[in-house]
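On the provided structure of chain W, position chain A as indicated by the hints.
Note that the protein sequences, when read in sequence, are chains W and A.
Residues in the first sequence are numbered consecutively from 1, following my numbering.
Residues in the second sequence are numbered consecutively from 1, following my numbering.
Derived by calculation from the structure, the hints in this document are not laboratory data.
One or more hints might be untrue.
Covered stretches of chain W, going by a simulated chain A footprint (3 or more residues, C-beta under 8 Å) [to be verified]:
1. 57–68
2. 113–120
Straight-line alpha carbon distances no greater than 27 Å define the calculated BS3-like cross-link-like pairs of lysine-lysine that follow [said to hold, decoys possible]:
3. A:137 / W:123
4. A:193 / W:131
5. A:27 / A:137
6. A:26 / A:193
7. A:234 / A:208
8. W:55 / W:90
9. A:247 / A:208
10. A:137 / A:75
11. W:131 / A:187
For each residue, glycine too, the CB sits at the ideal point set by N, CA and C.
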Amino acid sequence: MTDVELKVRPIKNGTVIDHIAAGQALNVLKILEIHGTSDATVSVVMNVGSGKLEKKDIVKVENRELRETEVNRIALIAPAATINIIRNYKVVEKRKVDLPDEIIGVVRCQNPSCISNTSEPIKSRLVVTAKNPVLLRCIYCEQPLTERIVDYLI
Amino acid sequence: MREFSLEEIDSVLDLASSLEPFARGKKSQMLEGKILALLFFEPSTRTRMSFETAMKRLGGSTINLGSAEASSVAKGESLADTVRVIGGYADAIVIRHPKEGSARLASEFSPVPILNAGDGAGHHPTQTLLDLYTIKKESSLDDLNIALVGDLKYGRTVHSLAYALSLYGADINLVSPPTLRMPEAIKADLSSKGTKICETADLNEVIKTVDVLYMTRIQRERFPDPLEYQKVAKSYRLTPEFLAEAKEHLIIMHPLPRVDEIIPAVDSTSHARYFQQSFYGVPIRMALLKLLIGDEDD
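Same shape as in the complex, but just chain W:
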């Protein structure tokens, strides 16, 4: 158990998302659809020292094991993140995030003239054309999205 992790008490069951780029923890919560009204017990640690990254954020979600699809969306903003599934205080699974080929309903197309930004009954769909740095392309208007992806999270 390192000093860093002791800043917040260990969780018994749930998921620890580690090595999030500093400042991105709240965006990770947004991607996981954890809002102020969610009843999940969530701990957020921001800007702690790390050997791997200069500073990092950590998110701990109790009593919820993240699904692979949820985990992989985190790669949009935190490509170095690691996911630890905790059962009875033990890490039973540890894995890296990996972006899926298509991002559906998570990121809005940045083109205001795109049909996906209207009231049509569809979810946004962006194809991942590169993973590092992340390059997305809207499946409808084909407009690329590479910078400020966070600004376009739904």
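Okay, now just chain A, sitting in the frame of chain W:
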């Protein structure tokens, strides 16, 4: 256009060539009993009428949404619902819509094939196909040296055409005022495919060497200063005198409508092909309709 392969484009161009006699009036019942729905949410003359002509000359018929203001669209109906309903009435739908990506959305909901007749600043693939057909018929798609001239920033036809020409290995000269240059992302994409691109603001630099001059309209509203517009418009105006230095077999194309960029005296030179080009919209659209809704044994 980026999703089309060279083989797919060639097969459409070949089919269009075989259908050209019907576009010129030879009788056909190839699409008898078929109905094409025209959904134009934006004004169009050539595209809408050439689709109607293509359908009718092949023995089919058309139904028309009419103006969007007078239809269910004005009541707030979504495009998704509109195409689901109209797809029940027709065998295929042609759509022009102001929003980019609208044709793709329509294709997700429609029970019948969708033909994109222009989606905002996005694509206009049937225009690109008829442009390629014109070059093939009136010049050559092999070892082509072409100049795209005018508004290369906002003009959707030149973007799609440039992608398609890169498949044919054409050398592309981009001739535009500095403020209306082709977007960097498109140029980078073309260069990465091995396409040779030259960029200039001066039409004189290319006039002696190109096989095709593809002119586009420079819109007055792109220039805040009217004097600046006048200056630019004048420097991209084709006259018979200017064409004296051109190759003998140079052809001039334009998606039309033209304003001042080609003066009427050019129409009677051996270079003018823009009216021929607009006619070729009919066999190209015939080919697409036959591929999508024609009976296989015809």
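Results for each hint:
1. 57–68: violated (count 0)
2. 113–120: holds (count 7)
3. A:137 / W:123: violated (43 Å)
4. A:193 / W:131: Within the cut-off at roughly 21 Å; holds.
5. A:27 / A:137: Measuring from Cα to Cα gives roughly 23 Å; hence the hint holds.
6. A:26 / A:193: With Cα atoms ~41 Å apart, residue 26 of chain A and residue 193 of chain A exceed 27 Å; violated.
7. A:234 / A:208: Answer holds: residue 234 of chain A to residue 208 of chain A is near 19 Å, not above 27 Å.
8. W:55 / W:90: holds (25 Å)
9. A:247 / A:208: holds (6 Å)
10. A:137 / A:75: Not satisfied, since the Cα-Cα distance of roughly 46 Å exceeds 27 Å.
11. W:131 / A:187: holds (22 Å)
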